[in-house]
Amino acid sequence: MTLSLTSALRPFPALSVSYVERRRLFFILMTLPAVIYVLVIGVWPLAQGIWFSLYEYNLLKPARTHFVGLGNYIDLLSDTVTRGAFVNTVIFTVGAVTVELLLGFAIALALWRDDRFNRICLALILIPVTITPLVVGLIFRALLLADYGLVGYYLAEFGLSDPRGLFANPSSALATLIFVDIWEWTPLVALILLAGLKALPGDILEASEVDGATALQRLRIIVIPLMLPSILLALTLRTIDAFRIFDSVYVTTGGGPGNATNTLMLHAVKQGLEFFNIGRASAISNLTLICIAVIAAGFILLIRKADRKANGR
Amino acid sequence: MKSLSSFTRKLAIAGLVSVAFAGSAVGADKKYEGITLTLASQNDQFAAVLAAIAPKFTEETGATVKVDILDYGSLLTKTTTDFVGGTGGYDLVTMDIVWAGQYAENKYTVDLTEWMKRDAAELKLDDIYPTLLNALGHWGDKQVAFPFAGYANVLAYRKDLFDAAGLKAPTTMEEMVEAAYKLTDPSKNIYGFVANGQKGPAVAQDWMQYNTEMGGSILGPDGKPALNSEANIKSLTVYKDLFMKAAPPGAVNYDWGGREESFRQGIAATMQTWSVGAPGYYDPSISKIVDKVAITTAPRGAGLPKVYGIGGWGMAINAGIKDTQKEAAWAFIKWLVSPPVHKEFNMMGAGSFLRKSEMTDPDLLKKFPFLPVIAETFEHGDGEYRPRIPQYPEIQDLLGTAVNDVLVGNADPKKALDAAQEAAAKLF
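Sequences listed follow chains A and B, in order.
Just so you know, this note's numbering puts 135 at position 135 of the first sequence, and the rest follows in order with no gaps.
Just so you know, this note's numbering puts 220 at position 220 of the second sequence, and the rest follows in order with no gaps.
Treat the hints with care, since some could be wrong.
[As the list claims (entries may be wrong)] What follows is a set of in silico ranges between Cβ atoms, one per label pair, in the way DEER data are often shown:
#	chain 1	residue 1	chain 2	residue 2	range
1	B	Ser357	A	Asp79	51 to 61 Å
2	A	Leu77	B	Phe428	16 to 26 Å
3	B	Val341	A	Ala63	36 to 46 Å
4	B	Asp241	A	Arg83	26 to 36 Å
[Said to hold, decoys possible] Some chain B residues well away from chain A (every beta-carbon gap over 10 Å; in silico):
#	residue
5	Asp126
6	Thr172
7	Gly301
8	Pro339
9	Asp363
[What the hints assert, rightly or not] Example chain A residues on the side facing chain B (calculated, C-beta under 10 Å, incomplete):
#	residue
10	Asp115
11	Asp147
12	Gly152
13	Lys270
14	Phe276
The set of hints was computed from the structure by calculation and includes no laboratory data.
Even glycine gets a Cβ: it sits at the ideal position worked out from N, Cα and C.
Okay, chain A solo, but in the shape it has when bound:
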């Protein structure tokens, strides 16, 4: 009787499950919204992008939609414009990220000491990061135009640039865009590396100083190995971002002169939003995604290996 009464008093039979199971159910319920969000926002568009890339699919010519398999990819790989865009993107990424990392590290070292002057400097150098890349592009375009640009006019006047302006010369246009990216994003790299520097264990550094290690030795043997996670973070973030460069190129050169500054993302946007060629645009985006994934995986493996070697982790 007592037993049946107890059973009757249990309003929710499901609650009779053990504490561990209930805890698991709770976690599943709590993470479900995030999982659904990722599926809807991330996985579904990605799957759709892969699906579209297998079709000749143009919004302006809906009647001509048909399955082409890897046709879009084969076309892209044999297309000189796409190959040129890929080369430009790689040059841009390697050039910009290398300089940003070196310069950012130098700035981080210079601002390492925690005093008022450095804090003010840090606040000031972060200004470029707060400006959207599109506006940065417009500012540099306005500054560097040969006829009306405040800087461009004098550069041309003193023979320091092509008389038609830095963006009009195929050999200087990409370098100028790299410079603009360095101007904007070096402070972010410096900030990430500075955070890494500040988290370094002070006792080890002090001990090495007492033991008579030079500044260069401390940097090479202690600082850089301990900083590897921060370096990896800065390197991965900036590489992914630089590989997707679009805004500043779009407003400064539009990919020109000719195709000298055409990048993969610019090419994809043009195919997708100008010609509404969804199949081809999806294929370019997927190729870009694969490149980014390979690069990021490579970095992670490389830095892990270095970290294990240096710190035994």
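Based on the hints, put chain B in the right spot on chain A.
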């Protein structure tokens, strides 16, 4: 007291009734009360005037017109996705002359043919230039947009510089090229020629104009691309030389804005342009050449027929909106292109002419003395020199890259046009 109260009551009722009648009379006039039309407009000179004149349409009909002003790329992208997705975000859309093919093929907009037949008298179609009626919205057997802003390609030149050098206004391309070289003097910051050089639609469109005037053509007689024809290679060679020897150094970066600015600032002696920019040369607040500028018809290659480039915008109604919205949208188009409103539209500085009567209107002539040049251009207008075919955006992009490549010295005309032709052929 009682009688007074009764009188007051009667007066009040009479007053209410009269107010109600008056209200219903106003209501009857305001046929589209409560309707809001959203108009996607190209950011040309007419856009601000459209926004300024729209409240008058509301006063007359009750329908509100919200003008969304967009740059060329955004206009094309936003309206096309609206059409394709069937979202009905825009009721009215300004349509560039070269989009007619894709509009018609994909049935994006309402075919106005029957409505135009029905309302022919009201529209006063005979007063509209036939070339504009055709080019700014007609495709096959459909009228996918109604013209409202006709642009004439004209030659704007510095009369003072031509007079000082003893030169006449050029009538042929050969004369124009010769004058451009003669008037160039970098030491005085004066250049004989300016045109769009910027990669993309800017350089493609300007070169296509010069190309036609020099006897070239984008399409062959079979309607297929013929980008690397002998005539096109020759005209691109001349165009490149003009940029190298007679244009301001930064011209390879210029789009329409930069080109017009250089002319208004007085550093270019000749410029072919759309008539829509002409009112700006006479405006002292933005122009340094108010008393020095003259406008004439665009030059043609010696011996070539008298045909001038025309462009401009039609107003289209989204096919994916409700019928009541379509009716109100058509009422707006009819209202905008009606002779008195369109005159007012141009008096307010839209620079978007349409009607023959506007060319002889004393008020407009007083304000815009160059109207006879526009009239002559419209009389002999060619709206097909930029091929109005569905593949046009891609062809324009190919030419926009190829011509820019040549102008910056990265490729020679033949090599660049050969590559563009190879890519264009794949589109057909």
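Evaluation of the provided hints:
1. B/Ser357 - A/Asp79: 51 to 61 Å: Once the Cβ atoms are compared, 52 Å apart, the range 51 to 61 Å for A/Asp79 and B/Ser357 holds.
2. A/Leu77 - B/Phe428: 16 to 26 Å: holds (23 Å)
3. B/Val341 - A/Ala63: 36 to 46 Å: For B/Val341 and A/Ala63 the Cβ distance comes to about 40 Å; the hint holds.
4. B/Asp241 - A/Arg83: 26 to 36 Å: holds (31 Å)
5. Asp126: Answer for B/Asp126: holds, closest chain A Cβ roughly 35 Å.
6. Thr172: holds (29 Å)
7. Gly301: holds (27 Å)
8. Pro339: holds (36 Å)
9. Asp363: At about 36 Å from chain A, B/Asp363 clears the 10 Å cut-off, so the statement holds.
10. Asp115: With a minimum Cβ separation of about 45 Å from chain B (threshold 10 Å), the hint on A/Asp115 is violated.
11. Asp147: Result: holds, 4 Å to nearest chain B Cβ.
12. Gly152: holds (8 Å)
13. Lys270: Nearest chain B Cβ about 7 Å off; hint holds.
14. Phe276: This interface hint holds because 6 Å falls under the 10 Å limit.
Hint 10 alone, counting from the list given before, is not met by this structure.
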